[in-house]
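Q: Modelling step: build the complete structure from the supplied sequences, incorporating the hints.
2 protein chains.
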Amino acid sequence: MAQEQLSISDIPANITPREMRHIIREGRFSGPTSGLCPGYAQGNLIVLPKEDAYDFLLFAMRNPKPCPILEVSEVGDRFFHTSSADCDIANDFPRYRVYRDGVMVDDPMSVEDLWRDDLVAFLIGCSFSFESELIEAGIEMRHNTQGRNVSMYITNIACEPAGKMSGNMVVSMRPIPYEQVVQAVQISGAIPKVHGAPIHIGDPSVIGIDDISKPDFGDAVDIHEGEVPVFWPCGVTPQSVVMNVRPKFAITHAPGCMLITDTKNISLKF
Amino acid sequence: MAQEQLSISDIPANITPREMRHIIREGRFSGPTSGLCPGYAQGNLIVLPKEDAYDFLLFAMRNPKPCPILEVSEVGDRFFHTSSADCDIANDFPRYRVYRDGVMVDDPMSVEDLWRDDLVAFLIGCSFSFESELIEAGIEMRHNTQGRNVSMYITNIACEPAGKMSGNMVVSMRPIPYEQVVQAVQISGAIPKVHGAPIHIGDPSVIGIDDISKPDFGDAVDIHEGEVPVFWPCGVTPQSVVMNVRPKFAITHAPGCMLITDTKNISLKF
Chain A
1 MAQEQLSISD
11 IPANITPREM
21 RHIIREGRFS
31 GPTSGLCPGY
41 AQGNLIVLPK
51 EDAYDFLLFA
61 MRNPKPCPIL
71 EVSEVGDRFF
81 HTSSADCDIA
91 NDFPRYRVYR
101 DGVMVDDPMS
111 VEDLWRDDLV
121 AFLIGCSFSF
131 ESELIEAGIE
141 MRHNTQGRNV
151 SMYITNIACE
161 PAGKMSGNMV
171 VSMRPIPYEQ
181 VVQAVQISGA
191 IPKVHGAPIH
201 IGDPSVIGID
211 DISKPDFGDA
221 VDIHEGEVPV
231 FWPCGVTPQS
241 VVMNVRPKFA
251 ITHAPGCMLI
261 TDTKNISLKF
Chain B
1 MAQEQLSISD
11 IPANITPREM
21 RHIIREGRFS
31 GPTSGLCPGY
41 AQGNLIVLPK
51 EDAYDFLLFA
61 MRNPKPCPIL
71 EVSEVGDRFF
81 HTSSADCDIA
91 NDFPRYRVYR
101 DGVMVDDPMS
111 VEDLWRDDLV
121 AFLIGCSFSF
131 ESELIEAGIE
141 MRHNTQGRNV
151 SMYITNIACE
161 PAGKMSGNMV
171 VSMRPIPYEQ
181 VVQAVQISGA
191 IPKVHGAPIH
201 IGDPSVIGID
211 DISKPDFGDA
221 VDIHEGEVPV
231 FWPCGVTPQS
241 VVMNVRPKFA
251 ITHAPGCMLI
261 TDTKNISLKF
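Top to bottom, those sequences are chains A and B.
At position 64 of the first sequence (counting the first as 1) the number is 64 in this note's numbering, and the numbers step up by one without a gap.
At position 54 of the second sequence (counting the first as 1) the number is 54 in this note's numbering, and the numbers step up by one without a gap.
Note: identical chains are not told apart, hence a pair may lie in one copy or across any two.
Below 30 Å or equal to it, Euclidean Cα-Cα: the simulated BS3-like pairs (lysine-lysine) are: (1) Lys248 to Lys214; (2) Lys214 to Lys193; (3) Lys164 to Lys248; (4) Lys164 to Lys193; (5) Lys50 to Lys164; (6) Lys50 to Lys248; (7) Lys193 to Lys248; (8) Lys193 to Lys269; (9) Lys193 to Lys264; (10) Lys50 to Lys193.
Since the hints were made in silico from the structure, they are not lab data.
A: Given below as structure tokens:
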């Protein structure tokens, strides 16, 4: 029986990452995690069979901006141990996507029944992690203010391929007032493990985005007069790879619905 | 027939990395590369059969301080293409070490005759890369002044294991005057892809070094009154792993005898 769903306004501000993961694990929260547990790193997920793991690990190494690796599980182990304690990979993300032959076939809140002994899980840094520092610096996160998921787009920027893995970079977009752009670059640039500095500032068409009001993932947000769209490499990039190279089986998180780790952002700076 | 050997004082100051690699490829230089081609990144090597490549790549990902990956070759390809153009992995390092079952069996100047279709080469950042910036800041590199190889030690710091790979961290040591230590930390810390900031400053015994006058690799250097030994993670760490876990076959560079790449240090900062 489906659990009653909490909205982000039901979550106490001082909740710990572990408490939040337990709420998610119990199926009581299935939405985007932006704004939850400020100061703690959030993570994207891709799970692949071991036979695809070397190619993906090499892909991530060659593309550290969209795919900064926070942790890689042991083969068949359904738990992360380093970035978080007591962390169930198959239940602690609010929502998942299941891909077969590159096509999304399901978006469940648990993938426990799909877990296999040959799976390897890759946890990838997420730009939600540095949002709390941007907010601290007085930079509004429009998607938070509007109660929406962040806008994400598939660009024309080809990632460096590795073995069978290839595909274009996905980016997240935040509208930033011109006078805060430099600060946003510097603050985010200080944490490369959660994507670091923006990949593009200004003209969406330069990176192959034809219509900024129609994101490929997440929601559109308002861009006000005097603001510029700023684009960060995004950990949804592996999903663009999966759609491109069509591996037999993959599990990812649903865009915006991240793992909230026990790892403080500040520990990722060094 | 053995080529006549050049010493570092025979090398013109304005030599390019490509020219230097050609001198090395022709067998005319077989010594340590510290001080050559300032401003360009130098690299450590480990070559393993494909069957060991996933474990090593994961080991490097989990231990980015001693093992920051600059490039990984395609399986069986004897050339690097990204960090340098026209770069022969089997000939462009001044000297190699060949390990069988974890024991060094040879230290040739070429490993061309040992190359196999199943080999993968990992190029790992080297602290020689940031030495030119330290020198620019007025910090003496004692091993250069004394015409010696840098001092390297196997520590008691266990690396994070991955699959069958495990072992203790190797460090390089430079004596630094107390008043320049902070600057040395800040300058090197800005380039994590070539090891970044020191791992220890001060007391060698804290990291398991009993006698600083007896390095495990390279040469001892003088430490003057008013100087403190500063220890950086070192790309010879994979050799400590090879000696520990004894894979059937591995090739590495000889400690201190690095690949000089076409990659500028500054491009590794971002």
